[in-house]
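Asks: The listed protein sequences correspond, in order, to chains A and B.
Numbering-wise, our numbering comes out as the position in the first sequence, counting from 1, plus 1.
Numbering-wise, our numbering comes out as the position in the second sequence, counting from 1, plus 4.
In short, the hints are calculated from the structure, not lab data.
Just so you know, not all the hints are guaranteed correct.
[Said to hold, decoys possible] Restraint ranges, calculated between C-beta atoms of paired labels, are given here:
| hint | chain 1 | residue 1 | chain 2 | residue 2 | range |
| --- | --- | --- | --- | --- | --- |
| 1 | A | Arg11 | B | Gly102 | 49 to 55 Å |
| 2 | A | Ala118 | B | Pro127 | 24 to 30 Å |
| 3 | B | Arg120 | A | Glu10 | 17 to 23 Å |
| 4 | B | Pro127 | A | Asp15 | 18 to 24 Å |
| 5 | A | Trp62 | B | Arg27 | 50 to 56 Å |
| 6 | A | Ala118 | B | Asp282 | 34 to 40 Å |
| 7 | A | Arg40 | B | Leu227 | 50 to 56 Å |
| 8 | A | Pro19 | B | Asp196 | 49 to 55 Å |
| 9 | A | Pro53 | B | Gly102 | 33 to 39 Å |
| 10 | B | Pro201 | A | Ala30 | 40 to 46 Å |
| 11 | B | Glu366 | A | Gly84 | 49 to 55 Å |
| 12 | A | Gly84 | B | Asp183 | 40 to 46 Å |
| 13 | A | His78 | B | Glu316 | 21 to 27 Å |
[Claimed, not checked] Part of the chain A face toward chain B, derived, beta carbon under 10 Å:
| hint | residue |
| --- | --- |
| 14 | Ala21 |
| 15 | Arg101 |
| 16 | Ala137 |
Bear in mind that the values here come from a model prediction, so they are computed numbers and not experimental data.
All C-beta atoms, glycine included, are put in the ideal place defined by N, C-alpha and C.
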Amino acid sequence: MTGVAELAERHLPDPGWPVAKPFWDACRAGELRIPRCERCGRWVWYPAPVCPDCGGERHRWTATGGRAQLFTWVTVHRGFLPGYRVPYVTALVVLDEDPRVRLATFLRDVPPRGLRAGMPVEVIFEPVSEHLTLPAFRCVG
Amino acid sequence: MGLARRIAIVGVGETRYERRAARDLAALRCEASRAALADAGLDATAFDGLIVPGAGYAELHELARDLGMRGQFHAASCFHSGTAVVAAPLEAALAIEGGLAHTVLCCQGVAWGSERRGNVGQPHAEMRMKAAFEIPFGWYPQVVHFAGMARRHMELYGTTEAQLGAVAVACRRHAALHDNAILAGEPLALDDYLASPYLAEPFRSADCCLVNDGAGAFVMTSLERARELRADPVVVLGVGCGVVPDGEYSSLREDYLATAAVHSAPRAFAMAGIEPADVDFVALYDNFTALVIQQLEDMGFCARGEGGPFVEGGRIELGGALPVNPSGGQLAQAFVFSVNHVVEAVRQLRGDAGARQVADAEVGVVTGYTGAQHATLVLGCG
Numbered sequence: 002m003t004g005v006a007e008l009a010e011r012h013l014p015d016p017g018w019p020v021a022k023p024f025w026d027a028c029r030a031g032e033l034r035i036p037r038c039e040r041c042g043r044w045v046w047y048p049a050p051v052c053p054d055c056g057g058e059r060h061r062w063t064a065t066g067g068r069a070q071l072f073t074w075v076t077v078h079r080g081f082l083p084g085y086r087v088p089y090v091t092a093l094v095v096l097d098e099d100p101r102v103r104l105a106t107f108l109r110d111v112p113p114r115g116l117r118a119g120m121p122v123e124v125i126f127e128p129v130s131e132h133l134t135l136p137a138f139r140c141v142g
Numbered sequence: 005m006g007l008a009r010r011i012a013i014v015g016v017g018e019t020r021y022e023r024r025a026a027r028d029l030a031a032l033r034c035e036a037s038r039a040a041l042a043d044a045g046l047d048a049t050a051f052d053g054l055i056v057p058g059a060g061y062a063e064l065h066e067l068a069r070d071l072g073m074r075g076q077f078h079a080a081s082c083f084h085s086g087t088a089v090v091a092a093p094l095e096a097a098l099a100i101e102g103g104l105a106h107t108v109l110c111c112q113g114v115a116w117g118s119e120r121r122g123n124v125g126q127p128h129a130e131m132r133m134k135a136a137f138e139i140p141f142g143w144y145p146q147v148v149h150f151a152g153m154a155r156r157h158m159e160l161y162g163t164t165e166a167q168l169g170a171v172a173v174a175c176r177r178h179a180a181l182h183d184n185a186i187l188a189g190e191p192l193a194l195d196d197y198l199a200s201p202y203l204a205e206p207f208r209s210a211d212c213c214l215v216n217d218g219a220g221a222f223v224m225t226s227l228e229r230a231r232e233l234r235a236d237p238v239v240v241l242g243v244g245c246g247v248v249p250d251g252e253y254s255s256l257r258e259d260y261l262a263t264a265a266v267h268s269a270p271r272a273f274a275m276a277g278i279e280p281a282d283v284d285f286v287a288l289y290d291n292f293t294a295l296v297i298q299q300l301e302d303m304g305f306c307a308r309g310e311g312g313p314f315v316e317g318g319r320i321e322l323g324g325a326l327p328v329n330p331s332g333g334q335l336a337q338a339f340v341f342s343v344n345h346v347v348e349a350v351r352q353l354r355g356d357a358g359a360r361q362v363a364d365a366e367v368g369v370v371t372g373y374t375g376a377q378h379a380t381l382v383l384g385c386g
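If we strip away everything but chain B, and leave its shape as in the complex, we get:
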């Protein structure tokens, strides 16, 4: 129905992910974009639609210029950061179906490792209600916001620290199988996790995503053109977005623990004509371990309150019933607003994931999250 199976991802690219890169964000975005276009077998200017979440006016046009673009292009704007990356196929499908573009490039990069020096809370500090009523009381930065949700989940449902740790351990094990994962060489056992000090109790450092530099990109075009470009295009089966209506401040959400995945996932699954049981692996936005558990519940992989037991016993590890974040995710590979999750899902569905390959992967789900916003993307083998 609608936009299902109308477009495909034909190219993916990434930079090396590093704690601090020697190049600036513009260079990282350009490299990832060129890699994605080359992977699609396309000239670096063969796109006519551009989605660069988080880029300002000048950054958008600098990227187009740096790629050598001299022609016209459609610039799609949509949601923010992680949601924008995962919603990009929806924007691309609308643009392609509407005749605004035939090939759309989405690029996302961050240089927080270099630029923020650990002060990742800056955007929150600039929100005036948080500046007045939250930060003066220590309710800051993001790690505190999400640790508060984790604590509430533990209080309501009996979720344990070992269950949070199971998410961290799974991601670390997957990262060890990746040649471009920042924590590939730093194994983590559950006992190590539990013995490590708290940052913002109940969270330890392994509960938190990386702060790093890097970029990723992917190229989307019509399914018809995709089949001309390559034998194994990855088809956009479904994509959905959602927002929490009272969601601008997490502290005040009426349903404090619900992400907008409760809206985006049913939309994406309905478009794709699938159920959670049909999904072979998921790549969930993992800024903190607990958000993985919250999304598994919100998306219907398990009931509310059952996410803790769900992630135990290796179920979410490679070889388990539902592998989660096979690249190592943002907890162990790199934090790039889910663009690494999109790239990994494409590689898994092409059968190109090497030691991380999910057996017989035919349907993969990727999510992006930005506070009140959420996007769910269902990808399938061509």
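Bound-form chain A, shown alone:
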């Protein structure tokens, strides 16, 4: 469990946490995978034991195309988190596969003309260590 003490350094996820391990394994392999209900096909995000639509309990981590739209964003000017150089742009993006899948992410390649909700973005992978790669999204087009 992450508490105040741990936040003295950059907060990184535990790639070995069983609930999320397939996500981080896929990122290291250059894929963005999201759990999908085997019974009804609903994308189940965040990972949960039960599908919110059909109650199915078997979910397969399924590859996505990694394309999304910008939903909202915040340019952070104050260093709320240690280990992050400000300013940075953190955002929520909605996956093309299902807009109910929103991912919090860093936004890269912000165009000089600025950002607009609905702009297309695509995933890129940023290795942090041998064990951990974080997905980010960059503005395209």
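Chain A is fixed; fit chain B onto it per the hints.
Replies: Okay, now just chain B, sitting in the frame of chain A:
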């Protein structure tokens, strides 16, 4: 109908609100509780129901002990933090009607100024999905969550930074009229607001609530007993709670901008038999400026997307059509999970608000918010 007009608030109390108090949270809660009971003309042990949102097991019993309580009391538990404070009259009405208690004390205090040293995000850091999928990407702490909503509101509806600023300016002007408001001596004009640096764009520091120490409390009893205690009890006309069904993580709510006020406000207004147009002032949970705009929409004071223009031109200031947060609220008085809003509403309806008095105030509305939870309280003159 139901629990409308069955109970009243007969006493209110507050500590001084300070950036950092010299006393701990237990002492602050005790002082506010004693003040509320004294304001009701009651002995410090004259309650038999206790609601202390956020208090753990030991803190609950320490408060009862510190107040001198030696008898039995009913401990009501309900929602969390701000929602719990504003929902307390519902819990109290149920307990009183059910014969579990005759007088219920609700106390809320915080010592984040002393205890958290600015690290107010701790509860969020402890949520495992946020720890895995949000914080590593900078989506943290609360100011980022709510700035994200503000940005979305701006993108969808054209809401402007000056409109966010109008909320901050109104609260600061009201705080200047209060002798127990942390920012009373720090005036803010809209130009000052717009010239100040961003924290988490579009939010500046004036968009964010205070981080402080302090406590407030209020005492509830049956309307019949209330009338015996004082000439001007403040009547609970209606109270409603609501939850966002998919609301545990704000990042994933299907209706990203809707608070559970869309459920709590209609319930409270129906119980009270009122419409938004009947309300003389509101005290809305104001952790950030944009949430005030969102609630004004969700509660039906204006339509979705019209909250920005609604707060302009002094409409929400004292003397305007709908004064909002006359105490200065949590943006400018103190952040205590809306208990200051309840106390202020009682004072307004008693006609005791001095320079902040809303003319002819007969119906006031208070809200509490906790992520997926929301409570709306309608109070009226006795």
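Asks: With reference to the structure, classify each hint as holding or not holding.
Replies: Results of checking the hints against the structure:
1. Restraint check, Arg11 (chain A) to Gly102 (chain B): a C-beta distance of roughly 52 Å satisfies the suggested window 49 to 55 Å.
2. Separated by about 29 Å at the C-beta atoms, Ala118 (chain A) and Pro127 (chain B) satisfy the suggested range of 24 to 30 Å.
3. The beta-carbon spacing between Arg120 (chain B) and Glu10 (chain A), approximately 18 Å, falls within the hinted interval of 17 to 23 Å.
4. Under the hint 18 to 24 Å, the C-beta atoms of Pro127 (chain B) and Asp15 (chain A), about 19 Å apart, fit the expected range.
5. About 52 Å separates the C-beta atoms of Trp62 (chain A) and Arg27 (chain B), a value consistent with the hinted range of 50 to 56 Å.
6. Between Ala118 (chain A) and Asp282 (chain B) the CB atoms are about 36 Å apart, so this pair conforms to the stated range of 34 to 40 Å.
7. Between Arg40 (chain A) and Leu227 (chain B) the Cβ separation comes to about 54 Å, which falls inside the hinted range of 50 to 56 Å.
8. For the hinted restraint 49 to 55 Å between Pro19 (chain A) and Asp196 (chain B), the CB-CB distance of approximately 51 Å keeps it satisfied.
9. Here the CB-CB span from Pro53 (chain A) to Gly102 (chain B) is close to 35 Å, well matched to the stated 33 to 39 Å.
10. Judged by the Cβ atoms, the range 40 to 46 Å given for Pro201 (chain B) and Ala30 (chain A) holds: they are separated by roughly 41 Å.
11. Taking the beta carbon of each, Glu366 (chain B) and Gly84 (chain A) are about 54 Å apart, inside 49 to 55 Å as hinted.
12. At about 43 Å, the CB distance of Gly84 (chain A) to Asp183 (chain B) agrees with the hint of 40 to 46 Å.
13. Distance hint check for His78 (chain A) and Glu316 (chain B): the Cβ-Cβ separation is about 26 Å, which falls inside the suggested range of 21 to 27 Å.
14. Look at Ala21 (chain A): its Cβ gets to within about 5 Å of chain B, closer than 10 Å, so that hint holds up.
15. Interface hint status for Arg101 (chain A): upheld, as the beta-carbon distance to the closest one in chain B is roughly 7 Å, under 10 Å.
16. With a cut of 10 Å, the hint placing Ala137 (chain A) at the interface with chain B holds, because the nearest CB-to-CB distance is about 8 Å.
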